[in-house]
Amino acid sequence: MIPIPRMPGLLEGPTTQVGKPVSRVDGRLKVTGAARYAGEHAIPGLLHGYVVSSAIAKGRVTRIDTGKAMAVPGVVHILTHENRPDLAWLDRKWKDQDAPKGSPLRPLYDANVSHSLQPVALVVAESFEAARLAARLVEVAYEAEPHQTSLLMNRDITFTPGKDKGGFEPPPAPRGDADAALAAAEVSVDLEFTQAAEYHNPIEMHASTVEYHPDGSLTIHDKTQGVLNCQSWVCGVFNLPKSSVRVLSPFVGGAFGSGLRPQHQLFLAVLAALALKRSVRVELSRPQMFSFGHRPETWQRVALGASRDGTLTALVHEAVQESSQAENYVEIVVNWSGQQYRCDNVRLDYRLSRLDVHTPLDQRAPGAATGVPALEVAMDELAWKLGMDPIQLRLKNYAEADPNTGKPFSSKELRACFRQGAERFGWPDHLPPPRSMRDGRELVGWGMAAGVWDAMQNPASAKATLGANGKLSIATASSDIGTGTYTVLAQVAAEVLGLETADVAVEIGDSSLPQAPIQGGSWTVSSVGSAVKAACDQLAKRLHALARDAEGSPLAGVGSVRFADGHVVAQDDPSRRMPIQQVMRAAGLPVLEEKALSVPYALGRLRHTLGTHSAVFVEVRVDAELGTVRVTRVVSAIAAGRIINPKTAGSQILGAVVWGVGMALEEEAMTDHTLGRVMNHDLAEYHVPVSADIPDIDVVFVEEHDEVVNALGAKGVGEIGIVGVPAAISNAIFHATGVRVRDLPITVDKIRAGLAALP
Amino acid sequence: MRPFSYARPDSLDGALAELAGNQGAPDASAAPVRPVAGGTNLLDLMKADVMRPTRLVDITRLALRGITETGDGGLRLGALSTNAETAWDERVRARYPLLHKAILAGASAQLRNMATNGGNILQRTRCYYFYDTATPCNKRAPGSGCGALTGVNRIHAILGASEHCIATHPSDMAVALAALDATVRVAGPGGERAIPFADFHRLPGDTPHRETTLRPEEVVTAIDLPADNLARHSTYLKARDRASYAFALVSAAVALELEDGVVRGARLALGGVAHKPWRDRDAEALLVGKAPGRAAFAAVADAVLRDAKGHGHNTFKIGLARSVIVRAFEEAAGLEPS
Numbered sequence: 001m002i003p004i005p006r007m008p009g010l011l012e013g014p015t016t017q018v019g020k021p022v023s024r025v026d027g028r029l030k031v032t033g034a035a036r037y038a039g040e041h042a043i044p045g046l047l048h049g050y051v052v053s054s055a056i057a058k059g060r061v062t063r064i065d066t067g068k069a070m071a072v073p074g075v076v077h078i079l080t081h082e083n084r085p086d087l088a089w090l091d092r093k094w095k096d097q098d099a100p101k102g103s104p105l106r107p108l109y110d111a112n113v114s115h116s117l118q119p120v121a122l123v124v125a126e127s128f129e130a131a132r133l134a135a136r137l138v139e140v141a142y143e144a145e146p147h148q149t150s151l152l153m154n155r156d157i158t159f160t161p162g163k164d165k166g167g168f169e170p171p172p173a174p175r176g177d178a179d180a181a182l183a184a185a186e187v188s189v190d191l192e193f194t195q196a197a198e199y200h201n202p203i204e205m206h207a208s209t210v211e212y213h214p215d216g217s218l219t220i221h222d223k224t225q226g227v228l229n230c231q232s233w234v235c236g237v238f239n240l241p242k243s244s245v246r247v248l249s250p251f252v253g254g255a256f257g258s259g260l261r262p263q264h265q266l267f268l269a270v271l272a273a274l275a276l277k278r279s280v281r282v283e284l285s286r287p288q289m290f291s292f293g294h295r296p297e298t299w300q301r302v303a304l305g306a307s308r309d310g311t312l313t314a315l316v317h318e319a320v321q322e323s324s325q326a327e328n329y330v331e332i333v334v335n336w337s338g339q340q341y342r343c344d345n346v347r348l349d350y351r352l353s354r355l356d357v358h359t360p361l362d363q364r365a366p367g368a369a370t371g372v373p374a375l376e377v378a379m380d381e382l383a384w385k386l387g388m389d390p391i392q393l394r395l396k397n398y399a400e401a402d403p404n405t406g407k408p409f410s411s412k413e414l415r416a417c418f419r420q421g422a423e424r425f426g427w428p429d430h431l432p433p434p435r436s437m438r439d440g441r442e443l444v445g446w447g448m449a450a451g452v453w454d455a456m457q458n459p460a461s462a463k464a465t466l467g468a469n470g471k472l473s474i475a476t477a478s479s480d481i482g483t484g485t486y487t488v489l490a491q492v493a494a495e496v497l498g499l500e501t502a503d504v505a506v507e508i509g510d511s512s513l514p515q516a517p518i519q520g521g522s523w524t525v526s527s528v529g530s531a532v533k534a535a536c537d538q539l540a541k542r543l544h545a546l547a548r549d550a551e552g553s554p555l556a557g558v559g560s561v562r563f564a565d566g567h568v569v570a571q572d573d574p575s576r577r578m579p580i581q582q583v584m585r586a587a588g589l590p591v592l593e594e595k596a597l598s599v600p601y602a603l604g605r606l607r608h609t610l611g612t613h614s615a616v617f618v619e620v621r622v623d624a625e626l627g628t629v630r631v632t633r634v635v636s637a638i639a640a641g642r643i644i645n646p647k648t649a650g651s652q653i654l655g656a657v658v659w660g661v662g663m664a665l666e667e668e669a670m671t672d673h674t675l676g677r678v679m680n681h682d683l684a685e686y687h688v689p690v691s692a693d694i695p696d697i698d699v700v701f702v703e704e705h706d707e708v709v710n711a712l713g714a715k716g717v718g719e720i721g722i723v724g725v726p727a728a729i730s731n732a733i734f735h736a737t738g739v740r741v742r743d744l745p746i747t748v749d750k751i752r753a754g755l756a757a758l759p
Numbered sequence: 001m002r003p004f005s006y007a008r009p010d011s012l013d014g015a016l017a018e019l020a021g022n023q024g025a026p027d028a029s030a031a032p033v034r035p036v037a038g039g040t041n042l043l044d045l046m047k048a049d050v051m052r053p054t055r056l057v058d059i060t061r062l063a064l065r066g067i068t069e070t071g072d073g074g075l076r077l078g079a080l081s082t083n084a085e086t087a088w089d090e091r092v093r094a095r096y097p098l099l100h101k102a103i104l105a106g107a108s109a110q111l112r113n114m115a116t117n118g119g120n121i122l123q124r125t126r127c128y129y130f131y132d133t134a135t136p137c138n139k140r141a142p143g144s145g146c147g148a149l150t151g152v153n154r155i156h157a158i159l160g161a162s163e164h165c166i167a168t169h170p171s172d173m174a175v176a177l178a179a180l181d182a183t184v185r186v187a188g189p190g191g192e193r194a195i196p197f198a199d200f201h202r203l204p205g206d207t208p209h210r211e212t213t214l215r216p217e218e219v220v221t222a223i224d225l226p227a228d229n230l231a232r233h234s235t236y237l238k239a240r241d242r243a244s245y246a247f248a249l250v251s252a253a254v255a256l257e258l259e260d261g262v263v264r265g266a267r268l269a270l271g272g273v274a275h276k277p278w279r280d281r282d283a284e285a286l287l288v289g290k291a292p293g294r295a296a297f298a299a300v301a302d303a304v305l306r307d308a309k310g311h312g313h314n315t316f317k318i319g320l321a322r323s324v325i326v327r328a329f330e331e332a333a334g335l336e337p338s
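Residue numbers (our numbering), protein chains in the order written: chain A, 1 to 759; chain B, 1 to 338.
Because the hints were derived from the structure by calculation, they are not lab data.
We put the CB at the ideal spot given by N, CA and C, even for glycine.
Treat the hints loosely; a few may be bogus.
As the list claims (entries may be wrong) - Estimated spans, in silico, between C-beta atoms of each pair:
#1 Ala20/B to Ala42/A: 42 to 50 Å
#2 Glu69/B to Glu126/A: 48 to 56 Å
#3 Ala42/A to Ser108/B: 25 to 33 Å
To be verified - With a cut-off of at most 30 Å between alpha-carbon atoms, the simulated DSS-like pairs for lysine-lysine come out as follows:
#4 Lys47/B to Lys68/A
#5 Lys47/B to Lys30/A
#6 Lys309/B to Lys750/A
#7 Lys101/A to Lys165/A
#8 Lys30/A to Lys463/A
#9 Lys101/B to Lys750/A
Stated by the list, open to error - Which bits of chain A does chain B cover? Going by a derived footprint, with three or more residues having C-beta under 8 Å, they are:
#10 131–139
#11 183–194
#12 326–340
#13 684–696
#14 742–750
Model the full structure from these sequences, guided by the hints.
Shown next, in the form of structure tokens:
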């Protein structure tokens, strides 16, 4: 193979700003309430919209009586499918950047109802209270049709989707003959897994405030992970020029994927603003947060065959997930199983089953958080059957190159994750047998699992502006959904130009700023960070040239410089230096501005598989009689390339572990299939972990050097933290009790049933 | 939220005058004029359009706050004392540790700071169908049916339910009060009366919208705790889906009077299993005269749960209740795991 050239502009160590545990630069704004969220903008004359949600899961609206609602003082208008203004009719116009194949939902488009809680009307009033009251008084009559909302009832009615959504490839063709190898295997496990649907439920509920300007243009404050996605979608649906629509989202109160697609509150707020030529806000209630995308309910089968020495000889992973009637939401689920371990006989199969639900939606580590835990529980069960330590089984089948493609990994320090994680946890050389560790009334168990996520990158742009005062401004249309984007972009810029992080101001979340991708997939540092670096590199180049050419410059004729302490410094002679401010003064420049587009390093990416990896170790305590579980210790060892900020990255992993605890033990949308409706639609009954559920969590970032992923060598940590957690907890519960529960969440009733069934 | 008018009387007489208009309402919970204190449950339900009072009578200026001695060794808990004040009162902690523990097992610190004792025992069920006005619920809309019976019923009743309603009472505090044989003191147009705690909440029968024996024109003024010898051997055990801020799947308030290694008196109230805190005095009596022990406790559990009935998702509660009862008694008796 022809060697490929080294990636241009690779950030070399040692670094001074990158790698520092800087506290988030937007923290003060957030804790003091100065940061304004989408639903918090006070605008004179603002109208308030409240959504009327469908009471049925499928059918038609036959009549809407708005008489009583219109009589409520303050009500201005009620929008329904019967009186809505004209809208785009081509599906293409309703597509957004994260839309899968199919026809996107068109709220208030016609009388059809395709899922429970679908918006059927919007009440617009002078106050929120009037709008909410009137929404209760809108009388909607339906003609219900039979619906199906149960994946398990519908499991046999499936189809195989294609490449129906960006970022997800269909499973690779089978290699070898997995089914024959499974049948012939010396040792095997063949297991079924199910998992409940989960809703994102960020603490900030979805809201859009649409400012209507006298010239008909709109400024939209939206809760979104992509201001440009929302801008182009609004322009498409409402046939508006981009110059008339500006979308702002500088602060987001959590999103986790729920803000990747424009949600219906945005549509309804714009619809009302345009119809009434007034500014309008629409904010969803907590129950209405269950009216759109979710992590889909899933059925899986994982079968593994091995020889007595633990060599994997067969791997079958099949998954069936729900999608809606109109769109093919895919997250593939099974592909990581072909990538994580070496095995000659592999069959991966992924199907969809259509239900009368809203289209599911990416949720933290979509696909991986569902599929990898099933694989990792199966590996644990195989290890016990083989009488092998679970880490040893994983090392025995460690994939040095990606078995799905044969390509090498750009970097993969999973071995170090196992080693360092095990050491921090105190993982023993010989795990005591299941159900053998007891402390008082509690059974104690240890479990581990590996995790994997992709290291993706998208084209992105950024602008860097240096002022005469030596302060730098960075601008890009990216968002910061609470991940620390503001902070790490400042660190990257400061690193390149030898500044302090505090000297860098970052402006994001504005569609008028340079292009950035939707914030998802753990690709923001990789994409936008690289763009910021590129723009700052260009600035550095110009500063170098200006410094060299300045009259009487100490750097005259110097060919190679670095940037430190606000100075341009000769690479070989630190005594030859010039302050950046002086460089600009000498050149007579009040500001210096550079804009750059960064694109993935295609040559390197084409020839490698790129991913983050993790090893998670968990201790649980299960009350032997009651069946209640406590997670008492977690160690998460992460390999994700260079860590730009160990504090914000550490927080990402902490949050993901917490969510993993919820996924393993608590989160479950409970659907009444007679009504086709999620019934526990509030945070009192839809359980996520509370502080009392969460033990000390130890996050370890292992050293990982990567020269392919991007110029920063950083892979992004948004998703990897959750992937291994549910399996590690499940494996620890087995170790504690001898009970396997392969149906998430592992609630007390399931553990009790398992305990009762023990011999 | 439906429009409502608001009054803030300074005296009990003023409040009762406001409530006089409720006479003839089928139940206090559905009366047009509602007293409001902490508002932690009522305001949520009004926003959800489940409760639709036309007038709120703010009773927080009434002299119903404070915890005082009853004179015969018991304590009187003011209706307007907050759950937090009550739980952390030194006398409550020393003499009724069961109540202290039960209150702290419920809600969150913020809610306990707002919620009052009167409001706590009057709180409404957390049944999903009761909260979702698009679904059938005989309690919210009599005659509309019970969605939970054949629907999602993980958190529902296994004892004393009917074909009309399988909702549970969500309070932890009330379970302890039931075990402690508390008395609810109420005031109405005809003066004061006392309702034994066991008679305060109703079973659903065919009128699940009638929840308590409080008359619509009455207001709770206090809860009396009798003197007892139960403090030493008592506990509140709550099994739930997460460690905090979750309603009980099953909870048990238990207390034992032990003398020379023999049970002289036993109390057991269950939460999360019925439309009211569940007492079964016949089952409790099985323990009297016995030495505390696992077999004896299991016999009580079996007796209490003899008629328990599951509805699908909640059937596991029967077994869980058995485990919780035995464990709670063991803890109360100070028995270590074998």
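Here is how each hint holds up against the structure:
no.: 1; hint: Ala20/B to Ala42/A: 42 to 50 Å; result: holds (43 Å)
no.: 2; hint: Glu69/B to Glu126/A: 48 to 56 Å; result: holds (54 Å)
no.: 3; hint: Ala42/A to Ser108/B: 25 to 33 Å; result: holds (30 Å)
no.: 4; hint: Lys47/B to Lys68/A; result: holds (18 Å)
no.: 5; hint: Lys47/B to Lys30/A; result: holds (28 Å)
no.: 6; hint: Lys309/B to Lys750/A; result: holds (19 Å)
no.: 7; hint: Lys101/A to Lys165/A; result: holds (6 Å)
no.: 8; hint: Lys30/A to Lys463/A; result: holds (25 Å)
no.: 9; hint: Lys101/B to Lys750/A; result: holds (28 Å)
no.: 10; hint: 131–139; result: holds (count 3)
no.: 11; hint: 183–194; result: violated (count 0)
no.: 12; hint: 326–340; result: violated (count 0)
no.: 13; hint: 684–696; result: holds (count 8)
no.: 14; hint: 742–750; result: holds (count 3)
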